[in-house]
Amino acid sequence: MTHPPRTHDSLFRKPAAIVASVVLLLLVGTFAMVYQFHAASAERLRQITSQADTLAASVTAAVSFDDRTAAREYVRALMLDPTLDAVAVYDESGHLMAGEQRPGSSPIDPVSGRAERRSMLVEVPARQGATVVGNVWVRASAVPWIMRLARVSGVVLLTIMAVVMLSLLGMAQRMLTRANADAHRRAEELTEANLRLIGEMEQRSRAEEALRQSQKMEAVGQLSGGIAHDFNNMLMIVKSALVLTEHRLGQSVSAVERFAEAARGRIAAGAQQDVSEPLQVLEEALALVAEGRARRQQIKRYLETANDGIDKAADLTRRLLAFARRQPLSAKSVRLDDLIGDIRSLLGHSVGPNVRLVYELGSHWHVFCDVNQMENAILNLVINARDAMPEGGQITISTADVHVDADERSGQAAVDQVRLRVADTGTGMSEEVRSRALDPFFTTKPVGKGTGLGLSTILGYVLQSNGRLSIDSEVDKGTIVDIVLPREMRDVSTEVA
Amino acid sequence: MARCAVAILLTLPFAMLLALPPQPDISLEYAVKATYLYKLAPFVNWPPGTFTAADAPFDICVLGTDPFDDFLEKAVSGRKLGTHPFKVLRLDAVAPGDDCQIVFIHYPRAEQVRAAVQALDGRPVLTVTDAKDADSSGSIVQFVIRDGHVRFEIDNAAAARNHLAISSKLLELALEVKEANGS
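Listed in order, the protein sequences are those of chains A and B.
So in the numbering used here, the last one in the first sequence is 484, and the numbering has no gaps at all.
So in the numbering used here, the last one in the second sequence is 190, and the numbering has no gaps at all.
Keep in mind that the hints are not guaranteed to be accurate.
Here are the simulated SDA-like cross-link-like pairs (lysine to any residue), alpha carbons at most 25 Å apart as the crow flies [as the list claims (entries may be wrong)]: (1) B/Lys176 / A/Met66; (2) B/Lys81 / A/Pro112; (3) B/Lys87 / B/Lys185; (4) A/Lys432 / A/Asp392; (5) A/Lys287 / A/Ala228; (6) B/Lys87 / A/Val225; (7) A/Lys226 / A/Arg114; (8) B/Lys185 / B/Arg168; (9) B/Lys185 / A/Ala57; (10) A/Lys203 / A/Asp54; (11) A/Lys319 / A/Val358; (12) B/Lys176 / B/Val151; (13) B/Lys176 / B/Glu160; (14) B/Lys176 / A/Gly213; (15) B/Lys176 / A/Leu425; (16) B/Lys87 / A/Arg114; (17) B/Lys87 / B/Pro115; (18) B/Lys87 / A/Met66; (19) B/Lys176 / A/Asp40; (20) B/Lys81 / A/Val358; (21) B/Lys176 / A/Val268; (22) B/Lys81 / A/Ala228; (23) A/Lys287 / A/Ala247; (24) A/Lys203 / A/Gly213; (25) B/Lys176 / A/Val358; (26) B/Lys176 / A/Val225; (27) B/Lys87 / A/Pro112; (28) A/Lys287 / A/Val225; (29) B/Lys176 / A/Lys203; (30) B/Lys176 / A/Gln38; (31) B/Lys94 / B/Pro54; (32) B/Lys94 / A/Ala228; (33) A/Lys432 / A/Glu395.
Just so you know, these hints were derived from the structure itself, not from any lab.
The model shown is predicted, which means the values in this text are computed figures rather than measured ones.
Please model the complete structure; the sequences and the hints are all you need to start from.
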């Protein structure tokens, strides 16, 4: 899963800010703690200094006049304060006048005391007016550890609470960000899935359309194939009847002719013998024969017309059969370039003077197909192209050898193909027309001009030859019809019936 | 004599401080008293006009027979009350032009002492005497020996007469304080 980098940034940046805040807070807390500690110490120092000052002020006379009892009383009075550890009064020459200390504490020694300079030991001069008469030393008892802690506990507690709250905030934010990223990812997945679904639906609908189309084709093919077959048989019956009729007609005519010949001979002979009466009859008979000959000619013309009609009907059924793939093909290996070369003159006649035919023949490979059908197909395509260009234009017939590489995704192996293309510069087709162009009986031509079987017959034939047919068209731009046939790899000379 | 011995013992630090060679007992007592004389100065509120100039000397005068030998000079040597250096003067008699702030009166006879004190009455002078000389010499400070210590009594009324205010701290230390109402 890849998250957008922005999410990474926000995930990274915000905790850093929170960590920075926590560190800052801890620093400030520590500073406040130290400050408070020092302030408390300074306050305590001030306090004992003032206590020492008081003692110094009151003890001056006792010091001056060496009254140790009085000095001791003053010291004892000060020592009533339980926070003091030791008190000492020295005269101006450094002799101890009075000194008291708590049990276990060492007495105050001015020499080591000055050197030691403990924070909680103060020395103040005892002054009477401007005259220094001695010194007073006061030492505060060490503040218990728990008391010092209690003093800074407020700050510590506040700092800890703030840190905890910040941490919680950071965690909450982190979780929220993660949840957001999750939701974002899920939304993207959903969108993707939705797009896939839509794509699949479209594909399915296309496949269904194609299936329906092919089923329709199949039905039409079977129907038309069945009809064509029977219809062809019936046509054959009619045709043979016609042939027999013509034959019989010929036979009877030749008998009459023979009789007429004989009659003419006899008439010539009889004229010498003067049998005018019967001859008269014969003359009349001959006239009848002549009249019969004329009629026969007339009947023959009718028969020819009927034959033509039957031939056309038979051709139609043949196409139907070809479309329905019921007609056996007589395929053989052939080069399309050669095939097209053979019918060039035919094609030239078909298109008329307004249309220019251009050949771009570049195929060398052989294909396996029914030559007649192929010729038919090309002719049909060219005629279609011509019909699409009532104002004239250009038809390009091209061939090419195409190698399609193996496609691993669709499992398609590499294949060699030959492509035949008939392109025109005509009116083209709309998408609707193009989609129906291969349907049997679909035609854009006026009634009686087209059967609607041309392209569908070609399609049937191409599919039968393992090929493909595609139409590319745009209104007013022209139409391109591609027929792609697989390359014939067998021996070129081999012909298959 | 035994009292003196105790006094010697207890005042030994002072004697050593002054770096004195072994002296007779009487000398040690006066060595202590000599230091007390100048030490009294800060505990007295001297009236304005006491000193004519900022560096005018603070005069400590000895009236009568001098019992101090050179203790007094040694004790005050280099010492000042504020800006005023201590100065020792020896007088034979009280004269109107004297500018003494502290006068130690030491005569063999009590009448002489009382007379000298009376002569100084009303002037801004702290009169100091040895109590043994007279019970009612009328001086402001009287040295007494108590339990081997040199102590003093204070006549606050006399001080008031001399326009001097004695520090309550000093009064507190005194063995006895005579107030103005005669108590």
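Violated hints - listed by number, lowest first: 3, 4, 6, 7, 10, 14, 15, 17, 18, 20, 21, 22, 25, 26, 29, 32, 33
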